[in-house]
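*Asks:* Sequence:
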Amino acid sequence: MSRLLEAAVLQLSSAGVPGLTHRKVEQRAGLAQGSVKYYFGSSDALVEGILQHLADQSLPLVLTVSPAEREAAEKGAGEILLRHAQQVAKEMLAQPDYVRARLHLYLHAAGHPRWQALVTAARDRLVAQVAESLPGPSSAAAARFVCAVVDGILLDQVSAPSRTVERFAGRYLLAAGGAAATIAVEQEA
Numbered sequence: 005m006s007r008l009l010e011a012a013v014l015q016l017s018s019a020g021v022p023g024l025t026h027r028k029v030e031q032r033a034g035l036a037q038g039s040v041k042y043y044f045g046s047s048d049a050l051v052e053g054i055l056q057h058l059a060d061q062s063l064p065l066v067l068t069v070s071p072a073e074r075e076a077a078e079k080g081a082g083e084i085l086l087r088h089a090q091q092v093a094k095e096m097l098a099q100p101d102y103v104r105a106r107l108h109l110y111l112h113a114a115g116h117p118r119w120q121a122l123v124t125a126a127r128d129r130l131v132a133q134v135a136e137s138l139p140g141p142s143s144a145a146a147a148r149f150v151c152a153v154v155d156g157i158l159l160d161q162v163s164a165p166s167r168t169v170e171r172f173a174g175r176y177l178l179a180a181g182g183a184a185a186t187i188a189v190e191q192e193a
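Numbering-wise, the sequence shown is residues 5 to 193 according to this note's numbering.
No lab work stands behind these hints: they were computed from the structure. Do not rely on the hints blindly, as some may be mistaken.
Straight-line C-alpha distance at most 20 Å; calculated DMTMM-like pairs for lysine to aspartate or glutamate [claimed, not checked]:
#, residue 1, residue 2
1, LYS94, GLU83
2, LYS41, GLU52
3, LYS94, GLU52
4, LYS41, GLU75
5, LYS94, GLU170
6, LYS28, GLU83
7, LYS94, ASP60
8, LYS28, GLU10
9, LYS28, ASP48
10, LYS94, ASP160
11, LYS28, GLU52
What follows is a set of in silico ranges between Cβ atoms, one per label pair, in the way DEER data are often shown [unchecked claim]:
#, residue 1, residue 2, range
12, PRO100, ALA36, 27 to 33 Å
13, GLY20, ALA125, 20 to 26 Å
14, TYR43, THR168, 40 to 46 Å
15, LEU111, ALA76, 36 to 42 Å
16, ALA76, VAL21, 43 to 49 Å
17, ALA19, PRO117, 19 to 25 Å
18, PRO64, LEU86, 16 to 22 Å
19, ALA76, GLY20, 29 to 35 Å
Predicted model only: the values in this text are computed from it and were never measured. Backbone N, C-alpha and C fix where the C-beta goes; we use that ideal spot for every residue, glycine too.
Could you put together the complete structure from these sequences and hints?
*Replies:* Set out below in structure tokens:
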């Protein structure tokens, strides 16, 4: 099944949603016709599988900050966090096929209510993990901000790559985390 999911991600990345057919995915995976139907049953189930697969690949990249790391950064030892953020940014930007596939699904979901629910569920997994590093009553709102910044960086880089964005992506992530930490402690209205 992972072979089909990888093939589906690559197909989606290169041909968009209109090119995400069962047959094209099976051909790309080098598997027999009917394999997608057998493993997933429907196109919606395939999309759900792709979104889960993309989230599974993204979750390890979430920059989590422990209370001890946060305290060290506040005392001026932010270089450790910066190096960690730079590594995360580098790994995020090194997966353009995954980024393009995810963005294709996000855009298509705008006019497809069932896919909107699937995208929401996948995004909520990322938000929940980011929120764990942002203690406070508004941690979920803060985590959504971080995810939006990450999506913006990724969209920027796959649509019109910039060496400046690539160079500063780690710092952008830290800045987003700092702003998110401020949001997280605010009382919700």
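*Asks:* Using the C-beta atoms of LEU111 and ALA76, is the stated range 36 to 42 Å upheld?
*Replies:* Holds - the Cβ-Cβ distance for LEU111 and ALA76, about 40 Å, lies within 36 to 42 Å.
*Asks:* Is the gap between the beta carbons of GLY20 and ALA125 within 20 to 26 Å?
*Replies:* Holds, at about 22 Å.
*Asks:* Verify the proposed pairing of LYS41 with GLU75, using a straight-line Cα cut of 20 Å.
*Replies:* Violated, at about 51 Å.
*Asks:* Can you confirm whether the C-alpha distance between LYS94 and ASP60 stays at or below 20 Å?
*Replies:* holds (18 Å)
*Asks:* Please verify whether LYS94 and GLU83 have alpha carbons no more than 20 Å apart.
*Replies:* holds (16 Å)
*Asks:* Given the proposed pairing of LYS28 with ASP48, does the C-alpha separation stay at or below 20 Å?
*Replies:* holds (16 Å)
*Asks:* Take the C-alpha atoms of LYS94 and GLU170, compute the straight-line distance between them, and say whether it is at most 20 Å.
*Replies:* Holds, at roughly 8 Å.
*Asks:* Does the structure keep LYS28 and GLU52 at a Cα separation of 20 Å or less?
*Replies:* holds (18 Å)
*Asks:* Within 19 to 25 Å: is that where the Cβ-Cβ distance between ALA19 and PRO117 falls?
*Replies:* holds (23 Å)
*Asks:* Between LYS28 and GLU10, does the CA-CA distance stay at or below 20 Å?
*Replies:* With Cα atoms ~12 Å apart, LYS28 and GLU10 stay inside 20 Å; holds.
*Asks:* Take a look at whether the Cβ-Cβ distance between ALA76 and VAL21 falls inside 43 to 49 Å.
*Replies:* holds (44 Å)
*Asks:* Hey, LYS41 versus GLU52, does the alpha-carbon distance stay inside 20 Å?
*Replies:* holds (14 Å)
When each numbered hint is compared with the structure, violations occur for hints 3, 4, 6 and 19.
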